[in-house]
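Enquirer: Take a look at the letters that make up each chain.
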Amino acid sequence: MACRFILQNPSKRKLLHSTFASRSASTLVLAEHEGGSIKAQSLSAVVAANSISRDNPVSLLLAGSGSSLQQAAEKAATCHPCISQVLVADSDKFAYPLAEPWGKLIQLVQLKGGYSHVIATSSSFGKNILPRAAALLDVSPVTDVVEINGPNQFIRPIYAGNALCTVRYTGASPCMLSVRSTSFPVPPLGDSKSDGASISEVDLSTLDEESIGKSRFIKLSSEETDRPDLGSARVVVTGGRALKSAENFKMIEKLAEKLGAAVGATRAAVDAGFVPNELQVGQTGKIVAPELYMAFGVSGAIQHLAGMKDSKVIVAVNKDADAPIFQVADYGLVGDLFEAIPDLLEKLPEKK
Amino acid sequence: MKIMVAVKRVVDYAVKIRVRPDKNGVETQNVKMSMNPFCEIALEEALKIKESGFAKEVVAVSMGPSNCVDTLRTGLAMGADRAIHVEASRDLVPLTVAKLLKKLVEVENPGLLILGKQAIDDDCNQTGQMIAGLLGWPQGTFASKVVLDKEKHTASVDREVDGGLETLCLDLPAVITTDLRLNQPRYATLPNIMKAKSKPIKKYTPEELNVEIKSDFEVVQVTEPPKRKAGVILSSVDELIDKLKNEAHVI
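Quick note, the sequences are listed as chains W and F, same order. With the first sequence counted from 1, adding 53 to any position gets you this note's numbering. With the second sequence counted from 1, adding 140 to any position gets you this note's numbering.
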């Protein structure tokens with residue numbers, strides 16, 4: 054397939070070398086971009102791609118429209134040494150991350166490029182799009198991979214993280230993965246390499262548009278915040294039902310501010326309307342693995358633990374000494390959070 | 141319009157699961173099984189749409205071994221009109237489920253397909269997206285609000301995405317997968333549980349639907365996640381700050 058593609062596209066002969074060298078592994082990474090940059094989360098998919106095999110040229114696929122897309126493509130070309138190519142799909146159809154055009158795009162790019170692996174981060178974007186594309190390609194994706202042991206063997210959590218399943222992919226190419234970003238941390242990138250990867254436009258003339266246009270983006274409403282992103286924060290401070298009100302939840306926010314931390318919440322706190330849903334940590338919310346996770350008034354239900362038990366240090370403050378959260382906490386404080394938080398606010402050292 | 145809802149029988153969400161000693165999987169013998177919580181929400185939404193007059197019939201579908209019928213009975217007791225059971229003895233991967241669903245869609249011709257966003261056993265979060273792709277229908281995943289427009293024949297869906305809430309407008313027929321906050325599923329009342337016993341459950345086999353059951357995976361092993369080392373209970377905030385600073389070095 055790769056051969057035919059090159060013969061049909063003499064202008065892309067430059068790719069010949071990398072495509073042939075990649076017979077063992079070649080990976081397509083689906084990346085998200087925002088404001089002219091690749092999202093940090095998408096880079097963990099690149100890190101994962103890099104761990105499949107050493108000789109694994111990575112093509113990064115970006116879609117969108119206009120100048121911010123081109124800007125992101127230029128940055129992407131130099132952001133990681135293993136990226137050999139940046140593919141850009143520039144069209145109004147990709148102005149919003151809709152699954153229908155994206156699914157078709159991935160199918161198109163895969164049929165031309167014949168990649169052995171297609172990887173996305175298991176963000177809401179990746180989870181929405183990857184399985185649709187996989188169905189179009191008639192393969193089964195592996196969701197939420199936390200460890201890669203070679204080109205076909207992966208570990209993923211099941212049952213809300215209470216078991217780890219090692220699977221061997223035996224299906225046809227491509228092997229499609231969504232990877233958990235906290236398991237593939239992006240090392241601080243040194244000097245970006247001077248010779249960037251090649252940037253090429255995806256030829257969209259053969260894009261099958263049959264199912265495109267049946268969905269339309271209306272709006273995105275989000276809370277503006279200058280706190281660090283929950284998914285990648287070094288410290289996370291979480292509040293549960295015991296906060297009792299949105300008013301009281303502000304104490305959690307104050308504490309987070311003092312620690313330079315992101316704010317998380319349990320399902321109970323979100324359902325009670327204390328905070329918006331995007332702050333939910335757990336099996337169905339965000340999965341975090343910060344250096345320090347502080348849980349206030351959180352009982353520690355299975356579904357919540359699924360989202361935070363890989364944190365390095367866990368602190369729990371709860372009135373109930375029997376709360377299950379204490380079984381995973383490194384440091385526990387049995388007491389009233391309405392006394393502990395103000396005390397912490399007063400005594401914590403100022404952030405430098 | 142007819143709404144089809146896919147429901148899965150899974151280990152009850154409150155059960156603390158045990159990994160089998162032979163590392164072949166998770167113990168499911170003599171463990172309480174229930175309808176996947178997200179599927180309950182999917183069914184509730186379908187019933188609400190029917191009650192609002194937009195849909196005429198709600199069909200619940202489940203795939204797997206014969207005891208999936210219990211799950212379908214639960215669905216019928218909640219208010220589904222009838223049920224379809226595709227009996228398969230092997231574990232089914234989402235792609236196979238999506239292919240079986242596609243065949244059923246071709247037979248039943250529903251105007252809307254509602255699924256849960258993920259099953260709490262395999263945590264895959266794939267089936268809804270896959271069936272939408274196979275049918276070429278638009279998809280509204282992780283829905284926390286669904287509003288149907290009868291005249292325009294569209295569905296407005298609020299989706300829970302990482303950055304907040306996204307609103308999409310989908311042409312029907314469409315596939316919707318439900319998030320936790322879409323609704324509060326009802327309980328089946330005793331009279332409805334009794335009535336459900338006489339509602340029809342149609343049976344198919346994968347062979348009848350002409351779908352080959354295969355898996356693209358081999359499970360090498362299932363293990364317990366690493367245990368965290370036991371923590372300590374501290375007596376004061378001062379001690380906590382001291383430990384975080386001098387022992388854990390995280391602040």
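Hints listed in this document are in silico derivations from the structure and should not be mistaken for laboratory results. Errors might be hidden in some of the hints.
[Stated by the list, open to error] Okay, derived cross-link-like pairs now, DMTMM-like style, lysine to aspartate or glutamate, Cα gap no bigger than 25 Å in a straight line: (1) W:Lys365 / F:Asp263; (2) F:Lys242 / W:Glu262; (3) W:Lys365 / F:Asp210; (4) F:Lys367 / F:Glu387; (5) F:Lys163 / W:Glu200; (6) F:Lys383 / W:Asp389; (7) F:Lys188 / W:Glu262; (8) F:Lys156 / F:Asp262; (9) W:Lys400 / W:Glu306; (10) W:Lys297 / W:Glu310; (11) W:Lys372 / F:Asp262; (12) F:Lys369 / F:Asp382; (13) F:Lys335 / F:Glu248; (14) F:Lys342 / F:Glu248; (15) W:Lys311 / F:Glu379; (16) F:Lys172 / F:Glu191; (17) F:Lys367 / W:Glu200.
Enquirer: Enumerate the violated hints, using their earlier numbering and listing them in ascending order.
Expert: When the structure is compared with the hints, numbers 3, 7, 11, 16 turn out to be violated.
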